[in-house]
Amino acid sequence: MRIDSVDKLNHWREKCLKKRAAQKRKVLVCLGPGCLASGSDEILGELKKILSEKKIKGVSVESIKKTGCHGLCARGPLVVIEPEGIFYSRVKKSNVAEIVETTLEKGELVEKLLYKDPSDEQTIVDYKKIPFYARQQRISLRNVGQIDPDDIDDYIASGGYSALARALNGMKPQEVIDEISRSGLRGRGGGGFPTGRKWATCAGIDSDIRYVLCNGDEGDPGAFMDRCIMEGDPHSVLEGMIICAYAVGSREGYIYVREEYPLAVVNLQKAIDAAHERGLLGENIMGSGFTYDARISRGGGAFVCGESSALMKSVAGEIGEPRAKYIRSVVRGLHDKPTVLNNVETFATVPVIINKGGDWFASIGTETSTGTKAFSLAGKVCNTGLIEVPMGISLREIIYDIGGGIPEGREFKAVQTGGPSGGCLPADKLNLPVDFDTLTEAGSMMGSGGMIVMDNRTCMVDVARYFLNFLVSESCGKCVPCREGLYQLHGLCVKICEGKAVEESLALMERLSKVIQTASLCGLGQSGPNPFVSTVSYFRDEYLAHIRDEKCPAGICRDLITYTINDKCTGCLACIEVCPVDAITGEKKIKHVLDQEKCTQCGSCYAVCKFEAVDIE
Amino acid sequence: MVHITINGKVIKATEGEMLLSVIRRHGIEIPALCHHEAIEPTGNCRLCMVEITREEWDGWKKHVTSCLYPVEEGLIVSTHTPDVIEIRKTILDLQLANCPDSEVIQKMAEEYGIYKTSYEVVPEGDNCIMCYACTRICEVLGRSAISAVGRGHRKEIAPPFGAEPPDCIGCLACAQICPTDVIPWTDRDNTRTIWDRKFELISCKECGRQTIAREFADYLIEKRNIPREYFEICDNCKRSELARKMGEIVARAQEVAI
Amino acid sequence: MTQQDVTRLQGIFGRNPREPGSLIAVLQDIQREFHYLPREALSETAKALEVPLSKVYSAATFYSAFSLTPRGENIIRVCKGTACHIKGADLLLDQLESGLGIKPGETTPDLKYTIEVVNCVGACAMAPVMIVNAKYHGNVPCNRALRLVKKA
Amino acid sequence: MKFRFEVNPSLCTGCRTCELACAFAHAQNQKPGRSRIYPLAYEPDKYVPVACLQCDDAACVKSCMFDALKRNEVTGAVELDRERCIKCMACVAACPFGCALLDDVQDEIVKCDLCGGNPACATFCPTKALAYKKI
Chain X
3 MRIDSVDKLN
13 HWREKCLKKR
23 AAQKRKVLVC
33 LGPGCLASGS
43 DEILGELKKI
53 LSEKKIKGVS
63 VESIKKTGCH
73 GLCARGPLVV
83 IEPEGIFYSR
93 VKKSNVAEIV
103 ETTLEKGELV
113 EKLLYKDPSD
123 EQTIVDYKKI
133 PFYARQQRIS
143 LRNVGQIDPD
153 DIDDYIASGG
163 YSALARALNG
173 MKPQEVIDEI
183 SRSGLRGRGG
193 GGFPTGRKWA
203 TCAGIDSDIR
213 YVLCNGDEGD
223 PGAFMDRCIM
233 EGDPHSVLEG
243 MIICAYAVGS
253 REGYIYVREE
263 YPLAVVNLQK
273 AIDAAHERGL
283 LGENIMGSGF
293 TYDARISRGG
303 GAFVCGESSA
313 LMKSVAGEIG
323 EPRAKYIRSV
333 VRGLHDKPTV
343 LNNVETFATV
353 PVIINKGGDW
363 FASIGTETST
373 GTKAFSLAGK
383 VCNTGLIEVP
393 MGISLREIIY
403 DIGGGIPEGR
413 EFKAVQTGGP
423 SGGCLPADKL
433 NLPVDFDTLT
443 EAGSMMGSGG
453 MIVMDNRTCM
463 VDVARYFLNF
473 LVSESCGKCV
483 PCREGLYQLH
493 GLCVKICEGK
503 AVEESLALME
513 RLSKVIQTAS
523 LCGLGQSGPN
533 PFVSTVSYFR
543 DEYLAHIRDE
553 KCPAGICRDL
563 ITYTINDKCT
573 GCLACIEVCP
583 VDAITGEKKI
593 KHVLDQEKCT
603 QCGSCYAVCK
613 FEAVDIE
Chain E
426 MVHITINGKV
436 IKATEGEMLL
446 SVIRRHGIEI
456 PALCHHEAIE
466 PTGNCRLCMV
476 EITREEWDGW
486 KKHVTSCLYP
496 VEEGLIVSTH
506 TPDVIEIRKT
516 ILDLQLANCP
526 DSEVIQKMAE
536 EYGIYKTSYE
546 VVPEGDNCIM
556 CYACTRICEV
566 LGRSAISAVG
576 RGHRKEIAPP
586 FGAEPPDCIG
596 CLACAQICPT
606 DVIPWTDRDN
616 TRTIWDRKFE
626 LISCKECGRQ
636 TIAREFADYL
646 IEKRNIPREY
656 FEICDNCKRS
666 ELARKMGEIV
676 ARAQEVAI
Chain A
5 MTQQDVTRLQ
15 GIFGRNPREP
25 GSLIAVLQDI
35 QREFHYLPRE
45 ALSETAKALE
55 VPLSKVYSAA
65 TFYSAFSLTP
75 RGENIIRVCK
85 GTACHIKGAD
95 LLLDQLESGL
105 GIKPGETTPD
115 LKYTIEVVNC
125 VGACAMAPVM
135 IVNAKYHGNV
145 PCNRALRLVK
155 KA
Chain G
-10 MKFRFEVNPS
0 LCTGCRTCEL
10 ACAFAHAQNQ
20 KPGRSRIYPL
30 AYEPDKYVPV
40 ACLQCDDAAC
50 VKSCMFDALK
60 RNEVTGAVEL
70 DRERCIKCMA
80 CVAACPFGCA
90 LLDDVQDEIV
100 KCDLCGGNPA
110 CATFCPTKAL
120 AYKKI
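So the sequences go chain by chain: X, E, A and G.
Counting from 3, one number per residue, gives the positions in the first sequence under our numbering.
Counting from 426, one number per residue, gives the positions in the second sequence under our numbering.
Counting from 5, one number per residue, gives the positions in the third sequence under our numbering.
Counting from -10, one number per residue, gives the positions in the fourth sequence under our numbering.
Hint data in this document are derived by calculation from the structure and do not stem from the laboratory.
Given the structure is predicted, the values throughout are model-derived calculations rather than measurements.
Among the hints, a few may not be true.
Cβ pair distances, simulated, as ranges [unchecked claim]:
id	chain 1	residue 1	chain 2	residue 2	range
1	X	Lys50	A	Lys139	12 to 22 Å
2	G	Arg71	A	Pro21	40 to 50 Å
3	E	Gly587	X	Gln598	54 to 64 Å
4	G	Leu9	E	Gly433	40 to 50 Å
5	E	Thr616	X	Ser209	47 to 57 Å
6	G	Arg71	E	Gly633	29 to 39 Å
7	A	Asn137	X	Gly87	29 to 39 Å
Here are the simulated DSSO-like pairs of lysine-lysine, each with C-alpha atoms no more than 30 Å apart in a straight line [stated by the list, open to error]:
id	chain 1	residue 1	chain 2	residue 2
8	X	Lys51	A	Lys107
9	X	Lys95	A	Lys139
10	X	Lys130	X	Lys108
11	E	Lys486	X	Lys516
12	X	Lys118	X	Lys130
13	G	Lys51	E	Lys514
14	X	Lys591	A	Lys154
15	X	Lys516	X	Lys431
16	X	Lys516	X	Lys497
17	X	Lys590	A	Lys155
18	A	Lys116	X	Lys51
19	X	Lys327	E	Lys514
20	A	Lys139	X	Lys94
21	G	Lys51	E	Lys648
22	E	Lys623	G	Lys76
23	X	Lys59	X	Lys95
So, partial list: chain A residues that the calculated Cβ filter (under 8 Å) puts toward chain X [to be verified]:
id	residue
24	Gln32
25	Ser68
26	Phe70
27	Pro74
28	Asp98
29	Val122
30	Asn147
Glycine residues also receive a C-beta, built at the ideal position from the N, C-alpha and C atoms.
Using the sequences provided together with the hints, build the complete structure.
This is the structure in structure tokens:
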């Protein structure tokens, strides 16, 4: 069915909604990255098998909906039953038959799979009432975890492509740009550049060709929002891109997806094909006479390709080495033509702004950081998962109210935001409002939205070493401050972790960091020292403990710690089995012995011991 | 024509020119390792960084590589501020750790008061400073026989698969342009060896002296439509030949006169 | 290269526009079909797309998705994203390295296993994460790492 | 082109003044440079001054892959831009008259540049075997 007018889109939506209403219940199975890693594909298979064999009134195989990330990955695999919103967590394959019988057939609840609030042991049935969800406001993630990403009609039924219809019919390109400018939307990829201004610049340049590109190279380790959007709601990205193309006068573009996200490529391609078939992408979109086409460009596994000029080189088939951007890529971008490059979340937000208005969006969040922002919450926090919150919310609310605090009753130590370009913020910054400018002022940055919580079993020197190591191998290797500077900074950091550094090293590292920040060619180098700079300013004592006392307070740096087995050892053999260097010997039910000569301090024994019989010193 | 201020002096420059050439033309010395007029600037070495500002920037400044920054009306440039010197010093310090044996780097570092690197010397380093001059000149030549290989700190300049480069024509442009003289080559008898590949050198038909690589000549003959015979004799013998021919003309003229 | 390989290669060239801009896409297709980039395939790519061989080689070594050596039947990818790092990804690697006798990036001599380290696979909520072939495993305790591999 | 460099070999006495004049005209660091003009004997005691003929379709210009050799439209000379030259020796090999050559003392390519429009050799040639004339 080709949709060649706004009326047709509305009719088609009505039809899709009717078809949807025919199903009494919907069973949503989350196939987001988290749930998939917990085996949700097996749940889906089992559910399909059982429902195809069974006859239940108002429920069939058609009732199963495989969705993208629902959010609360920590409790995965998740199965949600609509319209009630019954939230079943940690579902096993063996539970599926019970869910079908009890809930789908009898309309009763499977108590043991329901969410229990850790604070008061209260059972919560409807996921919307779980604090993790209740505190969120979803705009860019509006459909993620709710719709079937492979079904364009599911997107249309949820109001999809109505913003595009609105823009193409009755809005001039400039009006679209004005609406985006009014919304105050800033780029969600990390830089926070005003989206409206970027579009206006591109539209204002005299050129026969303009490109609209989507940056799906979510390279920051610890971030997976864009992955979830591309996998779980690919049409929202496409719709945003088409609206942008209409606003700036572009006829073609690319979605650059990183190599590590094969499912995102598959789902986006399906979305592109489906949109083509419906007449929502390609020639004469919705009969308006406007033409825009988008293709997928797959990355090759290089973090630096998240940088705009490197990304454009990669799209053009070259190696991703950034160029100096004294002329910005919005002026001279892909194939030297004016190019708008926005990230996935930014584009996914655009349709909502067009539908609800820039003023509405600007009323959410803070004055300079409007709207909401998606974050991936990971690390040492109870409710790891995907969230979206209004800008200006405090770190504390995110980590404690939504995230449920630190597991095993440990102490919060730091939160890392902004990936390798960001920094680590300590406990006394927990009340800071989360917005672009505040985080930058505090020595970190918003970044694309990865938020990794660290507890007292995380060594901050080790974290700096980790990021520097990452950057040394991910630097493109073109300019000296980044290639040689980060290499030396990393080397000095390793020395600290090994207890072989002198105190003067810190001053040298700080001086070097400053030069790397000012003299590097692209953003990777310019922000490369940030993880070191922020940790050394907030956790200097920890650095000094490594240097002066040759101690790692968190018990992580292998050269500065020793493991010993204490009398709590029950002789269970677990550590012997796991020790990669066979340093532990002993027999069943007899206290094991650790040979310090052989021990490499990897900590595997500590990780597997269930009796707290391994001590770290 | 645009007007810029360099170190307090107003200077006229042509639109499209890069800052570095204007600065150097006015006798101000700025170090640079990856810059060469025959190749496009890329900004690898970062030594030519200068500080720029504008009246309307209200005190805000930024650091840019002058080799890549086009002149703009009203630009205010400072070439030797403490920050700029700190950048150059640090970069030379880093380069000295990277290639402690390079005389070029040693000399440049000494000019900035660095005699020994503050950093750990990079193990297994050579004198390559990754300026890409060699790969860029090879590309200008239209061959691209060598390229940057790998990524990050392990990046190196090498021919494909580290083997004899099939597209090399033995012209030596890479070795000649290399600022730290790190590309090894030899000419022995009538054989040139570079990147482990051997090339036949043309021997002068008259005196036997070696000139350029046969493949290089073939490339020029084909690309630039130069007669093949021009390359068969060395420049010495060609001059003698010209003298002989001119002598013949003189002799003939004298005969006629007599 | 066998005749069959040449045919596969021609198929890849046929699917992509024959222009320098297709370089990365072609290399990705070769990597997917052959599980590595054979030397002859790179030479053929250079000819087919009219790109200097050095640039093909440069791209093949710049992007970490490409491998110039044959990889194992089973690819084990250990995520070393930030969340995985602080939740003990190194322990998984210790187990795999000692259990299989190879380091990340290497392949066992019998070509059965290859260990790869990935910067982040975007499943941070389930850290530490390990992918055996296409199957994701979340919250992997170190003493389960080898068992998951042997099960593949 | 408004001027032409003319050589009348029959007037040459082999006094080598031109060579000296050229070397001094191209002095570097107060040291005489390598001469770009070479009085050569074609028979014992019989000399001709050999110098660049500034050919119209110059092989040296064509052979330079880096655009280091360009014609000065005013003087008519093919001039070498030292900043662009990388000493690949293509011009030396290509010139049919051997009039571009490597100065191995200064390590640079040298060729006649007509002294920017006032060739010293012609000025000092006592017999007017060399002349720079308006056309």
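Checked against the structure, which of the hints given earlier come out wrong?
Hint check: 3, 8, 13, 18 and 27 fail, others pass.
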